[in-house]
Amino acid sequence: MKYLKLFLVMLKIGLFTFGGGYAMIALIQSELVSKRKWLNDGEFADMVAIAESTPGPVAINAATYVGYKTGGFLGALVATVGVVLPSFAIIFLISLFFNEFLTIRWVAAAFSGIRVCVVFLIFSAGAKMFSGIKKSPLNLVIFGATFACMLLFSLFSVNFSSVFYILASGALGLVFYLVCFTKDRLKKKRGENKEDTDKKEGGEE
Amino acid sequence: MIYIELFLTFLKIGAVSFGGGYGMISLIREEVLSYGWLTEGELINFIAVAESTPGPVAVNMATFVGSSQGGILGALTATVGVVLPSFAIILIIAALLKNILKYAGVQAFLGGLRPAVAALILSTAAIMFLSSLFGITTAYSAPSPEWRGIIIFVILAAISAVYRLIRKKSFSPIALILIAGVCGVLFYYLPAWQ
Numbered sequence: 001m002k003y004l005k006l007f008l009v010m011l012k013i014g015l016f017t018f019g020g021g022y023a024m025i026a027l028i029q030s031e032l033v034s035k036r037k038w039l040n041d042g043e044f045a046d047m048v049a050i051a052e053s054t055p056g057p058v059a060i061n062a063a064t065y066v067g068y069k070t071g072g073f074l075g076a077l078v079a080t081v082g083v084v085l086p087s088f089a090i091i092f093l094i095s096l097f098f099n100e101f102l103t104i105r106w107v108a109a110a111f112s113g114i115r116v117c118v119v120f121l122i123f124s125a126g127a128k129m130f131s132g133i134k135k136s137p138l139n140l141v142i143f144g145a146t147f148a149c150m151l152l153f154s155l156f157s158v159n160f161s162s163v164f165y166i167l168a169s170g171a172l173g174l175v176f177y178l179v180c181f182t183k184d185r186l187k188k189k190r191g192e193n194k195e196d197t198d199k200k201e202g203g204e205e
Numbered sequence: 001m002i003y004i005e006l007f008l009t010f011l012k013i014g015a016v017s018f019g020g021g022y023g024m025i026s027l028i029r030e031e032v033l034s035y036g037w038l039t040e041g042e043l044i045n046f047i048a049v050a051e052s053t054p055g056p057v058a059v060n061m062a063t064f065v066g067s068s069q070g071g072i073l074g075a076l077t078a079t080v081g082v083v084l085p086s087f088a089i090i091l092i093i094a095a096l097l098k099n100i101l102k103y104a105g106v107q108a109f110l111g112g113l114r115p116a117v118a119a120l121i122l123s124t125a126a127i128m129f130l131s132s133l134f135g136i137t138t139a140y141s142a143p144s145p146e147w148r149g150i151i152i153f154v155i156l157a158a159i160s161a162v163y164r165l166i167r168k169k170s171f172s173p174i175a176l177i178l179i180a181g182v183c184g185v186l187f188y189y190l191p192a193w194q
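Sequences listed follow chains Y and H, in order.
Mapping to my numbering: the first sequence position 100 is 100, numbers consecutive.
Mapping to my numbering: the second sequence position 181 is 181, numbers consecutive.
Bound-form chain Y, shown alone (with noise of 0.2 Å):
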């Protein structure tokens, strides 16, 4: 009965969230640690912080830990399928009928009009993803060397996956992160070999 409700649960988060994982992030605090108490708080920023840092839909990451951590790995199969389910249904009956439905000619005219809008509603969440980024130096060339590399490919037609810009800017960070730690590391053996000598030093005289 549990796999039930769970599938219920979220077979409704997956219903009501508009614009993404994050609103859907709030209604899943409501339902399952305010309301059900399946989660607990500790529980929850961990599913947040797993949620927001693996590749894959914020929605779908959520439902499979919450799943997961209330019912195994068949909560996990319950919830995710859920989550699915509504979104599945609705633009599988809109693909049918979608085509057609632009063929009106005042609906092309509104899709002309939509078209600019999610090109502004592109550009607002990255400029958003953006200002929530430390603007460390590091940070600073991996976002200019991606955003005119991209430009500057798809203008001259060179194909060159996204894929690469992800993996390579990820490797990037990590070696910068070993260098560093290396470097400190090295600058604390050399302190401390200077502090033994220091006291050698202290104790002769």
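Calculated from the structure, these hints are not laboratory results.
Even for Gly, the Cβ is constructed at its ideal location relative to N, Cα and C.
Watch out, some of these pointers could steer you wrong.
The calculated lysine to any residue pairs, modelled on SDA-like cross-linking and capped at a C-alpha distance of 20 Å, are [stated by the list, open to error]:
1. Lys98/H x Ala88/H
2. Lys12/H x Lys134/Y
3. Lys169/H x Leu140/Y
4. Lys98/H x Lys134/Y
5. Lys134/Y x Phe176/Y
6. Lys169/H x Leu27/Y
7. Lys12/H x Pro55/Y
8. Lys128/Y x Lys98/H
9. Lys128/Y x Leu165/H
Some chain H residues close to chain Y (C-beta under 10 Å, calculated; not the full set) [claimed, not checked]:
10. Glu5
11. Ala48
12. Val59
13. Phe87
Covered stretches of chain Y, as calculated for chain H (at least 3 residues, CB under 8 Å) [unchecked claim]:
14. 5–17
15. 34–45
16. 170–176
Let chain Y serve as the given structure and place chain H on it in line with the hints.
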């Protein structure tokens, strides 16, 4: 085999798209355009639908592209493809690697990703902006500005900037899409402009 193509393409999209929502837009755009599954205009139309219907944008995209290429079975394979990597990765983390996010190396990797994802989203927006409003798709194409679209863009930007200034929060995307739809009817349908 279209089903295998759909499955593998959306598996890839699900596996490497970080940052949620529009984080996957650049990859979806590249894949969908290179297979010829949708045109740029169709893709942008559909992003509007995905934004105004419930559910994650990536799942909506997968279902729609799958359905348009291979009916219900196509929709199913594409959707399972895009969900599967999240499902598997989260299970592994929840069951085995509870502390993976606490490793400094993992944080450094994710920290490096973030500015790149922001850049991917913004550059995709810039590419769409240039192609749909100025007719620039390659460095060699002569610009042909689409004035009505540019005016609508300025109107939308002004509305959302003013709203943010007054109410200190962002304007609802669905409301903005509705306003843009009304602008579209006014500018592209009413005979006065033609």
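Now for the hints, and whether the structure bears them out:
1. Lys98/H x Ala88/H: Status holds; Cα separation ~14 Å.
2. Lys12/H x Lys134/Y: The given pair, whose Cα atoms are some 28 Å apart, is violated under the 20 Å limit.
3. Lys169/H x Leu140/Y: Status violated; Cα separation ~26 Å.
4. Lys98/H x Lys134/Y: violated (26 Å)
5. Lys134/Y x Phe176/Y: holds (15 Å)
6. Lys169/H x Leu27/Y: Roughly 19 Å between the alpha carbons, so the hint for Lys169/H and Leu27/Y holds.
7. Lys12/H x Pro55/Y: holds (10 Å)
8. Lys128/Y x Lys98/H: violated (29 Å)
9. Lys128/Y x Leu165/H: holds (15 Å)
10. Glu5: violated (16 Å)
11. Ala48: Holds. Min distance 5 Å.
12. Val59: Hint holds; Val59/H Cβ to chain Y Cβ min 5 Å, cut 10 Å.
13. Phe87: holds (5 Å)
14. 5–17: The restraint on the stretch 5–17 of chain Y holds, since 4 of its residues have a Cβ under 8 Å from chain H and three suffice.
15. 34–45: violated (count 0)
16. 170–176: Held - the stretch 170–176 of chain Y has 6 residues with a Cβ nearer than 8 Å to chain H, which meets the minimum of three.
Violated hints for the displayed structure, listed by number in ascending order: 2, 3, 4, 8, 10, 15.
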